[in-house]
Structures are given as C-alpha cells and as structure tokens.
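Chemist: Here is what each chain is made of, one letter per residue.
2 protein chains.
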Amino acid sequence: MAEAPKANAVVAQSGGPTAVINASLVGVIEEANKHPEIENIYGGLYAVAGIVRDEFIDLTNLSADKLESVAASPSSALGTSRDKPDSEYCAKIIEVFKKRNIRYFFYIGGNDSANTAHMLNTVADEANFDIRAFHIPKTVDNDLLVTDHCPGYGTAAKFEACALMGDDLDNRALPGVKIDVIMGRDAGFLTAATALGKQRDDDGPHLVYVPERPVSIDKFVGDVDGVLTKLGRCVVTVSEGLRDVDGIRWAKKLAEQAETDAHGNIQLSGTGSLADFLAGQVKTKLTANRVRADTFGYLQRSFPGLQSGVDVDEARRCGQEAVKLAMEHDNGSVAIRRIGNGADYAVELFRTELSSVAEKTKPMPDEFINAEGNGITEAFIEYAMPLVGELPKTEYLGNYPRV
Amino acid sequence: MAEAPKANAVVAQSGGPTAVINASLVGVIEEANKHPEIENIYGGLYAVAGIVRDEFIDLTNLSADKLESVAASPSSALGTSRDKPDSEYCAKIIEVFKKRNIRYFFYIGGNDSANTAHMLNTVADEANFDIRAFHIPKTVDNDLLVTDHCPGYGTAAKFEACALMGDDLDNRALPGVKIDVIMGRDAGFLTAATALGKQRDDDGPHLVYVPERPVSIDKFVGDVDGVLTKLGRCVVTVSEGLRDVDGIRWAKKLAEQAETDAHGNIQLSGTGSLADFLAGQVKTKLTANRVRADTFGYLQRSFPGLQSGVDVDEARRCGQEAVKLAMEHDNGSVAIRRIGNGADYAVELFRTELSSVAEKTKPMPDEFINAEGNGITEAFIEYAMPLVGELPKTEYLGNYPRV
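Residue numbers (the numbering used here), protein chains in the order written: chain A, 3 to 405; chain B, 3 to 405.
No lab work stands behind these hints, which were simulated from the structure alone.
Check before you lean on any hint, since a few could be wrong.
Which copy? The list can't say, so a pair holds if one copy fits it or any two copies do.
[As the list claims (entries may be wrong)] Straight-line Cα separation of at most 16 angstroms, EDC-like style, residue types lysine to aspartate or glutamate; simulated pairs: (1) K200 x E384; (2) K232 x D205; (3) K395 x E70.
Model, not experiment: these values are computed from the prediction.
Hey, can you work out the whole structure from these sequences and the hints?
Modeler: Put into structure tokens, the structure is as follows:
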C-alpha cells in the first residue's frame with residue numbers, strides 16, 4: 003500500500019436527505035483537518051452532478067460553532083442529486099479531480115453512492131490517477147448490506163414512533179380507522195418503527211404492513227375488521243411499497259389505473275393515492291365510522307430538532323472513520339458492527355468493500371416480521387430501540403375505571 | 003349572584019384534539035381541587051357523547067406526577083366527540099347532572115363547544131337546576147372570536163414552522179416544486195405559520211395560500227412559475243380549505259369531479275387529493291422537474307414532545323381561570339388579552355360571554371395577508387412568533403461562495 007498522498011479532499015452527499023447526513027459531513031471535515039496529508043477539504047455541491055460541473059466550496063476553515071450547527075441541521079447541507087454516473091461521467095469527474103489535485107473522495111449516501119465511489123476508484127485507476135474513494139452509509143430506509151444499521155435510520159425511526167404515538171392517541175380520542183402510509187419502497191424498517199412507541203396493550207398501530215410481505219386487499223380489509231371488532235378502532239401503518247399477492251406494488255397498480263381512467267385534470271400518481279385507495283376500500287367494504295388516511299411524505303426525513311442522540315453520534319463517527327481509513331486504504335465503505343445491545347448497546351466501525359455494499363439492498367429479516375405478515379416482532383423492537391433513544395411518555399385517561 | 007354551590011364538577015374535551023388540550027384539563031383539575039365548593043371533579047368521557055351515556059371517571063385524586071404527565075401529553079386524554087347537542091340532548095345531560103349532583107361544567111373546545119355550554123346553561127335554567135357552565139378555548143385553527151389567540155394554536159404553528167424549515171432544506175438539496183397542504187378549512191392561521199421558520203432571504207415557503215383569499219389555478223401556476231424562474235425551485239403551502247375564485251373550495255370541486263368519474267375502486271375525496279391535484283396542474287402546465295406534494299394530516303395536531311412553552315402554559319392557565327370564574331359567575335368563556343408583545347410578550351385572561359364566542363369563527367385579519375394574496379406580512383410574524391417560541395436553527399452551505 004502506497005503512503006497517503008498529500009492532496010485535496012472532497013466530500014459530497016448523495017441521494018435523499020436525512021436528519022443526520024450533515025453530522026457525517028461534519029465528521030469528515032473535522033477528521034480531515036487533523037491529517038496533514040489532506041490539504042483542503044472541499045464540499046462538492048449537488049453530489050456528482052455539481053462535482054462534474056466543477057462546483058465546490060471550501061470547508062477547511064469552518065468554525066467549531068458552525069460545524070456543531072451544521073451537524074444539528076437536517077437535510078443535505080451541500081445539496082444532493084440522484085444521478086447515477088456511468089464510466090464516461092466518472093472520467094469527467096476524474097478530470098476535475100486532476101485539475102484540483104483532489105485525491106480523496108468521501109461520498110455519503112446509499113448503495114448507489116457506494117457504487118459511484120467504486121466506479122470512480124476504478125476509472126481513476128485506469129487513468130493512472132491514484133484516488134482514495136470512500137463511502138459513508140446513509141439512508142432512512144436502513145437497507146444497506148453488511149452494516150448492522152444505517153445512520154439516518156434511527157432519527158427517521160424516532161419520527162415514525164413519535165408520529166404514531168400521537169396519531170394513536172388521536173384515534174383513541176375520536177375512534178375510527180386510521181391508515182398511515184410510510185416511506186419504504188422495498189424495505190419495511192421505517193414502517194416497522196411506527197410500532198416502537200407503543201406503551202399500553204391496546205396502543206396502535208394495531209396492524210403493520212411492510213413490502214417484504216405481499217397482501218391482498220381482502221386480507222387487509224379482513225385484518226382491519228378483526229381489530230375493529232375487538233377494539234372499536236384500528237390504526238394501521240403501511241409501507242408505500244406494499245405489494246399485492248402477485249408481487250406488484252399497489253401504488254403501481256393505482257398509477258396505471260389512473261392513467262387508464264384519465265379524464266384530464268385529476269392525477270392519481272401523487273403521494274396521497276395509496277392512502278386514499280386503502281381508506282376507500284375500508285369505507286366500501288366495512289361499516290366503519292371515520293376512516294381517515296395520511297401519507298407522511300418528506301417530513302419523515304427532514305423534520306428539524308428531533309435527532310436521535312445515538313444516530314447523530316454514529317453518523318458523525320462514520321464520517322470520521324472514513325477519513326481515518328483513507329490514510330491506510332485505497333477505498334472502502336464504513337460499516338457498523340453492534341457489539342452490545344439493550345442497556346449495553348455499543349458499536350464498533352469497520353471497513354468493508356465498496357462492492358459488497360453497492361450491489362443490492364437489504365430487506366427486513368424474517369425474524370422481524372410476525373407470522374401473519376401484519377405486525378412486527380419483539381426481535382425487531384430489541385434491534386431498533388437503541389437506535390431511537392428515549393421517547394416521550396404519553397397519557398390516556400379514557401381507560402380508567404368508570405365511576 | 004348566588005353563592006357558588008357545593009356540588010360536583012365535570013370537565014370534558016370536545017372537537018379535534020390538540021397538543022395542549024390536556025394542559026387545560028390539568029388546569030381545571032388542579033384549580034378545582036383548591037375550591038371546597040367543588041366536591042369531586044369528574045372527567046366526562048368522549049365529550050357530550052359520553053356524558054349523555056353517563057360515562058365518567060374520577061379525576062379528584064390524580065397524583066401531581068400524573069397531572070404533569072397528562073399536561074405534557076398530546077390529544078384529548080378523556081376522548082372527544084363532534085356531536086352538536088340540541089335542546090333534547092341537553093335535557094338528557096341535565097338529567098345525568100341532577101343524578102350526580104354535577105353543577106359545574108367545564109368544556110374545553112372550539113366555538114361549537116361554547117355553544118354547547120351556552121345551551122346547557124339555558125336548558126338547566128329552564129329546568130330550575132342551577133349549573134355553572136364554562137368554555138375553555140382550544141383550537142389549532144386559532145379561529146375563535148374575542149380571544150387574541152387560542153391555546154393549541156402555538157404548538158400546531160410550531161409544528162408547521164419546523165416542518166417547513168425541514169421541507170425547505172429538503173427542497174434546496176433536491177430542487178423542484180414542493181406543495182404542502184395544511185389544515186384549515188376557513189382560517190389560514192396554521193398555513194401562515196409555515197412561514198415562521200424562514201431564516202435566509204430565499205428560504206421557503208415562497209408562496210402561502212389561505213382560504214381567506216380565493217385563487218384561480220392559472221394564478222397559482224403563474225405564481226409558481228415566477229418563483230421557479232427566479233430561484234430554480236419553489237416551496238408552496240396551501241390551506242386545505244383553499245377556494246377557487248368562485249368561492250367554492252377546490253377540495254369540494256375535486257370530490258365532486260371524482261364522484262362523477264367514479265369507476266368503482268378509486269376514491270378521490272381522501273386527504274391526499276388536493277395536493278395531488280395541484281401537483282398535477284404544475285406538472286402539466288410548467289416544465290418543472292421534481293414536482294412533489296404532501297398533505298400533513300393529523301400529525302399537525304398530535305405530534306408528541308413538541309409543545310410550545312407559551313402555549314402549554316397558557317392552556318393550563320385558561321383551565322385554572324375557568325374554575326376561578328365559576329366561583330363568581332354563572333357562565334362564561336375564558337379569553338386571552340395580549341398586554342405586551344415581542345420581548346415583552348404577556349397576556350391576561352378575562353371572562354367573555356359564551357354567546358360572543360359561540361356564534362361564528364374568525365378569519366385571518368387582512369393585515370396578516372399580503373396584497374397579492376400569496377404570502378403573509380410582517381404583522382402576522384409579530385403576532386404569531388411569541389406563541390411559537392424558539393425554533394431550531396438550520397444550516398445550508400450550498401449558497402457559500404464557490405472556490
């Protein structure tokens with residue numbers, strides 16, 4: 003292994019924002035400032051899309067106060083992009099890197115970002131330009147391979163847990179059926195997190211549906227009916243990527259149906275359509291009062307002032323770790339290994355191959371989903387709670403003994 | 003005026019839950035416990051709907067810890083209802099009151115609740131049964147007459163401000179058009195609050211539409227186009243009660259169109275349809291990338307752990323004040339008068355007639371809405387900020403000078 007080159011570094015943020023992606027950014031900046039091998043630490047704006055256009059800012063001399071303020075702020079402070087570069091795109095980036103003597107690349111993102119770092123590293127090698135390319139994990143979906151969990155998930159999971167604590171109390175106060183559609187196209191971790199705030203035996207969500215378990219409308223409506231009969235109300239959470247038993251996403255079916263039915267103005271492919279469809283099915287097939295549906299949308303990943311302490315701390319450490327690894331290795335992805343759980347929760351960070359993270363995403367393990375496919379297990383709660391931290395306590399008096 | 007009777011009291015919560023309605027409940031309980039005239043303080047479950055069924059719990063001996071925990075918890079801890087009693091309904095309630103020797107009635111809610119208290123008082127008078135009926139203001143919509151503002155609004159406004167701070171950063175990171183639909187059928191106070199977290203000149207929301215100012219689709223799309231041209235992105239907030247220039251709510255028009263178009267399964271009258279419709283209009287008529295829409299739904303009124311300090315304090319004081327007033331008066335509604343603003347913000351509470359609050363609701367004053375009808379004024383910010391309290395600070399680095 004060659005010595006770490008004396009050169010400039012760039013850090014950038016890719017894909018969807020999270021509430022702690024800026025903590026990883028700050029981790030990179032503060033660690034880079036400790037290593038004389040790294041001369042200037044640049045921010046690449048709008049991920050690869052800005053980098054290829056040579057759009058950089060200088061992050062080397064941000065004050066300690068500013069760094070803390072950035073680390074506490076949600077969303078990608080450098081801007082982001084969903085571009086997936088090909089070899090030609092990467093070659094253009096390498097030209098920019100050569101011009102600016104950038105030989106360290108830190109990319110905070112999901113599996114596509116790991117793939118981009120891998121590809122950039124390869125293209126640079128072929129051009130005989132030695133760069134060190136590192137991926138720092140980030141997703142609210144928690145769907146990356148190798149790592150125990152992803153920075154960004156803990157805070158988004160906290161949002162879901164809090165949201166359902168409030169929404170369930172709302173449903174207790176005005177009983178009926180409430181359906182909430184949660185982010186997650188292929189992985190159900192976020193939807194599962196809606197159940198983390200349950201405090202009383204009959205707290206909702208009473209039903210939780212994830213993309214890993216296809217469900218027919220009849221099963222869905224039947225499950226709701228069962229809870230309604232028992233409790234007189236029912237709170238349901240559903241992943242946006244929920245699939246019909248034929249494996250096709252319900253959202254996709256609705257969008258296609260809407261196209262077929264199109265009369266002009268009204269579009270059904272917006273974010274609210276799955277929620278409205280499911281509520282409509284319950285209204286039509288059951289005699290439930292007050293059927294309501296919400297789609298949580300972008301609030302789930304960007305709400306300020308709600309960071310999980312563990313999550314923001316780990317996000318920052320992952321940023322620092324990437325820089326440390328870059329002093330010793332040519333490339334890699336930072337991953338988290340859990341070395342204690344519950345009250346002894348602790349993690350250590352380690353390097354994994356970019357290719358091992360880039361290739362695909364991870365669904366929820368079977369042991370986190372109940373046999374019926376409509377709820378989560380104790381194993382999931384034990385896995386997720388340390389990432390979320392303490393939740394507010396709530397009170398409901400309506401189940402006190404009558405006088 | 004007769005002396006305050008020695009009798010039992012009932013407190014109940016009506017209409018939509020808020021994040022501080024339980025603080026008003028606790029204010030009533032703790033003050034009632036100070037007055038020997040009040041023997042037991044009962045909680046009436048599910049508002050008038052439970053009271054008429056004789057469903058009560060005893061709140062007299064809740065511990066101080068429990069009271070604090072209840073006051074911090076969102077949503078109506080006693081359950082609620084949207085029933086609007088007529089005279090016959092009230093006569094049945096009076097029978098229940100007679101049986102239980104309940105002669106104090108404290109009702110926390112909006113203008114319909116003031117009306118219910120008024121009607122109960124009248125029906126009791128006619129039955130020669132002396133009750134003291136008081137209304138304690140509560141609404142996230144902030145639409146009650148007489149009072150300067152309503153408990154419940156400050157916390158909901160804080161939610162909106164925070165939500166848009168995050169959502170605007172998200173939109174900066176991935177530029178496009180974002181439309182958020184906010185609670186508020188007739189009053190735009192909550193939608194206006196989405197602008198309270200703006201920190202930088204070009205922060206969103208860039209356009210704010212309230213029910214008080216009808217808008218045509220062409221004007222709406224044209225406004226969005228103007229902001230897009232200037233900033234390359236546009237964040238818009240819209241009240242759910244937004245009206246077309248003919249005065250009819252857009253949501254109503256969409257629901258009617260959906261009925262006409264109905265082919266069976268798909269319903270458009272759910273909560274997501276206005277957002278999806280507006281996003282569809284922008285996609286169709288402009289060449290914007292990334293047009294997204296969210297409908298915030300019930301999270302706005304029930305999210306735990308996010309109370310505004312001023313709001314929760316005032317909510318509790320209003321509950322206490324109602325009990326104090328009941329020692330001196332036959333009936334009334336508690337109202338808030340602002341006696342200092344800005345850094346000197348302070349309020350005093352006073353009694354107003356039930357009938358003055360019951361009759362109708364209050365729209366936003368003209369001076370809070372800009373001349374174009376697509377934004378709010380400095381006067382609104384001065385009015386609302388003291389109710390919300392301190393907001394998180396956020397950072398965005400993408401507008402730093404390029405190097």
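Chemist: All the hints need checking, so say for each whether the structure fits it.
Modeler: Outcome of the hint check:
1. Proximity of K200 to E384 under the C-alpha cut-off of 16 angstroms is restricted to the intra-copy arrangement: shortest distance 13 angstroms within a copy versus 39 angstroms between copies.
2. Taking CA atoms no more than 16 angstroms apart as the test, K232 paired with D205 passes inside one copy only; the shortest distance there is 13 angstroms, against 48 angstroms between copies.
3. Proximity of K395 and E70 under a CA criterion of 16 angstroms is satisfied inter-copy only: 11 angstroms between copies versus 28 angstroms inside one chain copy.
Checked against the numbered hints given earlier, the structure satisfies every one of them.
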